[in-house]
Amino acid sequence: MIEVEHLTKAYNGRKAVDDISFRVEKGEILGFLGPNGAGKTTTMRILTCYMPATDGTARVAGFDVFENSLEVRKRIGYLPENPPLYPEMTVQSYLHFVAKIKGTPSAQRKTQVEDAMDRCSITDVRDRIIGKLSKGYKQRVGLAQSLLNNPEVLILDEPTIGLDPKQIFEVRSLIKNLAGTHTVILSTHILPEVSMTCNRVVIINDGRLIAIDTPQGLANQQKGAERIALLIEGPREAVRQKLASIPGVMSVQAEAGSDAQPAGFTVECKLNTDLRRDIANAVVTQGWGLLELRGVSMSLEDVFINLVTKEEV
Amino acid sequence: MQNVLAIWQREMKAYFVSPIAYVVLTLWLLLSGLFFYAILTNVIQSTMMQSQFGPGSQPVDVPGIVTRGFFGTMSVVLLFMIPMLTMGLFAEEKKRGTMELLLTTPVGHLHAMMGKFLASTTFLLIMLAGTWVTISALFKYGQPDWKPILGAYLGLLLYGEGLLAAGLFISTLTENQIVSGVITFGVSLVLWLIDSFSSGASGAAKDVLSYLSVIGHLDDFIKGVIDTTHVIFYLSFAFVGLFLTYRSLESMRWRS
Ligand SMILES: Nc1ncnc2c1ncn2[C@@H]1O[C@H](COP(=O)(O)OP(=O)(O)OP(=O)(O)O)[C@@H](O)[C@H]1O
Ligand SMILES: [Mg+2]
Chain D
1 MIEVEHLTKA YNGRKAVDDI SFRVEKGEIL GFLGPNGAGK TTTMRILTCY
51 MPATDGTARV AGFDVFENSL EVRKRIGYLP ENPPLYPEMT VQSYLHFVAK
101 IKGTPSAQRK TQVEDAMDRC SITDVRDRII GKLSKGYKQR VGLAQSLLNN
151 PEVLILDEPT IGLDPKQIFE VRSLIKNLAG THTVILSTHI LPEVSMTCNR
201 VVIINDGRLI AIDTPQGLAN QQKGAERIAL LIEGPREAVR QKLASIPGVM
251 SVQAEAGSDA QPAGFTVECK LNTDLRRDIA NAVVTQGWGL LELRGVSMSL
301 EDVFINLVTK EEV
Chain U
1 MQNVLAIWQR EMKAYFVSPI AYVVLTLWLL LSGLFFYAIL TNVIQSTMMQ
51 SQFGPGSQPV DVPGIVTRGF FGTMSVVLLF MIPMLTMGLF AEEKKRGTME
101 LLLTTPVGHL HAMMGKFLAS TTFLLIMLAG TWVTISALFK YGQPDWKPIL
151 GAYLGLLLYG EGLLAAGLFI STLTENQIVS GVITFGVSLV LWLIDSFSSG
201 ASGAAKDVLS YLSVIGHLDD FIKGVIDTTH VIFYLSFAFV GLFLTYRSLE
251 SMRWRS
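Residue numbers (my numbering), protein chains in the order written: chain D, 1 to 313; chain U, 1 to 256.
Because the hints were derived from the structure by calculation, they are not lab data.
Fair warning: there could be bad hints in the mix.
[Stated by the list, open to error] Computed list of lysine-lysine pairs in DSSO-like fashion (alpha-carbon distance at most 30 angstroms, straight line): (1) K135/D / K95/U; (2) K135/D / K74/D; (3) K74/D / K15/D; (4) K94/U / K132/D; (5) K74/D / K95/U; (6) K176/D / K110/D; (7) K176/D / K74/D; (8) K15/D / K110/D; (9) K223/U / K147/U; (10) K94/U / K138/D; (11) K94/U / K110/D; (12) K140/U / K13/U; (13) K74/D / K26/D; (14) K166/D / K176/D; (15) K15/D / K94/U; (16) K223/U / K206/U; (17) K166/D / K138/D; (18) K110/D / K26/D; (19) K13/U / K138/D; (20) K270/D / K242/D; (21) K223/U / K135/D; (22) K110/D / K13/U; (23) K15/D / K95/U; (24) K166/D / K135/D; (25) K138/D / K176/D; (26) K166/D / K132/D; (27) K95/U / K138/D; (28) K132/D / K13/U; (29) K135/D / K94/U; (30) K26/D / K166/D; (31) K74/D / K94/U; (32) K74/D / K13/U; (33) K135/D / K176/D; (34) K110/D / K135/D; (35) K223/U / K140/U; (36) K110/D / K132/D; (37) K176/D / K26/D; (38) K132/D / K223/U; (39) K74/D / K110/D.
Please construct the entire structure, taking both the sequences and the accompanying hints into account.
Right, here's the structure in full:
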C-alpha cells in the first residue's frame, strides 16, 4: 500500500531524512519511532504530498506522491504534528468544511461528521469554538478531521499527544480497530503504545532507518541474554558464588547493602535457556529465603535506547 | 469548483467573525459619507461664488464634479484599505498550520488561491455597494449623468482586483499577517506616489510613470469613458498578481 524507496530530504544541504526505504502492506499499522529531530514528521510530510523529497520515491496505493499527488491526496487522511484547525470555527462547521474539501458527497457529509465526532468523543463540544477548546480536545478534533471521507491510508503524527489516559486508551483502540481495513502509519514517543497498537515498528535516528521489525521481533533480536531477577535472604557473597556456579549462568550482579536485609540479584543466562527451576532449587537447598523470582523480558524501551545509542557510538 | 466555493465560504465567514471586516466597513462608510459631504459643500460654495460674477458664466455640472471628486478620493482610501483585506489570507493559513490541511487534501494551491481571491473580491463588492448610500443622494436631488457613475464603479472594481491580487501574493510570503499587511501598505504607498511623481516628471520617464500609475488609469473611467487600454492594464495587473501568488504557493512544493 505504501512503498518508500531511498527517500532523502535535505533542508539547505542538511539531511533530515537519509535514504529510507520500507513498505507497508494493506491493513497494516506501522509505528514510527525515533528521538526528537529524527525525521519522522519530515517523512510523513513527504508521504502526504505536503513537501517533495530531495531524492528517492514514495508511492501510496500505487501512485507516486510527486507525479500523481492528487490521486494520493484523495486517499489519505492526515493528522499533522500541529492539528490544522481554524480557531474561529465551531467544531461541527470545521468538520463539515473538511469533509467538503475532501470531496465527501453532500448526502454523506452529515453522517460522516457525526461518525467522526462520535469516534473521537467530541460530540459534546460540537458547537464550541475551536479556539476555546483545551489542548486535548483540539487534538481530538484534529484526529476526527483525519478520519473524514473514510480514507484508505491514515498518517498520524503523534496522535495521542496531549490526551488524558482514558482518551489515550480510546484512541489506541480506535487505531487498532482500523487495522485490516485501513493502512496506518503513526509516529509516537510512547514506546508501549507501539507494542500495543502496531504490527511493525520502524526506528529512525538522525534521518536513517536503523531497524524495522515486529515489536516482539525487535525485542528478541536485541536481547543478548535471558535475565532473571531474584530477591534472596542470605549471606550476599555466598549467594552470589552459588548462583554463578549453576551451569548456564553467565553473570550475577548483586545489589549493594547489608546481609541483614534481603538483597536483589540479577542473573544473566544463556539465550533460550530457562534456569528458573535450577536457581530456585539451589537457593532453597542452601536454606536461604527465596522471596522473589521472575524472568525479565527486554522492553521496547531497552531496545530503543540500545539501538539509538549504539548508532551514535 | 466545489473546493473553491468551500474556501470562499469559509473565508467569508472568517471575515465576519473577525473585527477586521467591521473596522474596514465602518471606516469605509464613514469616510465615504464625510468626503461626500465635504466635496458637495465645497462644490456648491464655489458655484455660488462663480454665479456672483453675474450672467454669462457657464452653467456648472454640480453632480458631475461631485462624482468625480468623490470617486477620485475613494480610490485613494481603497488603496489603503485593501491591505487589511488581504494581509491574513495566506499568512494566517501558514501560521496556524492549516496550509498543511489545504495542500494535503484534494484542494491544492490553485483552488485555495481562487477561493481566497473570490472572497476578497466579494468583500470589495460589498464595500463598493456601500458607497451607493451616499451616491444615491445625488439622484434624489438632481439628474446626474449615470455614465460616469457606472464607469467609476467598474473602474474601482478592476483597480481593486489588481490591488487584491498584489496583496494576496504578499500574504504568501510570510506567516506574519502584520508583516504582510505592512508590506502591502508600503507597496500601495509607492503606487500612490508614482502618480504624483508622474505629474512632475517629463519625457519618457513621465510616460513610464504615468503608465505605471494605478490610480492614473482610473481617470477615464470616472469621466464615464471606458477605454480598453485601461481595462487591459488592470486585468494584467491582477493576472500578474495571481500568477505570482500561484508560483509562490507552488514553490513550497518544488524539489530543491
Ligand atoms: N522546515 C524546515 N527547515 C529546516 N529544517 C527543518 C525543517 N523541518 C524540520 N527540519 C529539521 O529536520 C530534522 C527532522 O525534523 P522532524 O520534524 O522530521 O523530526 P521529528 O522526528 O518529527 O521530531 P519530533 O519527535 O521532535 O517531532 C530536524 O533536525 C529539524 O530541525
Ligand atoms: Mg515530529
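So, against the hints stated earlier in the document, which numbers end up violated here?
8, 12, 21 and 38
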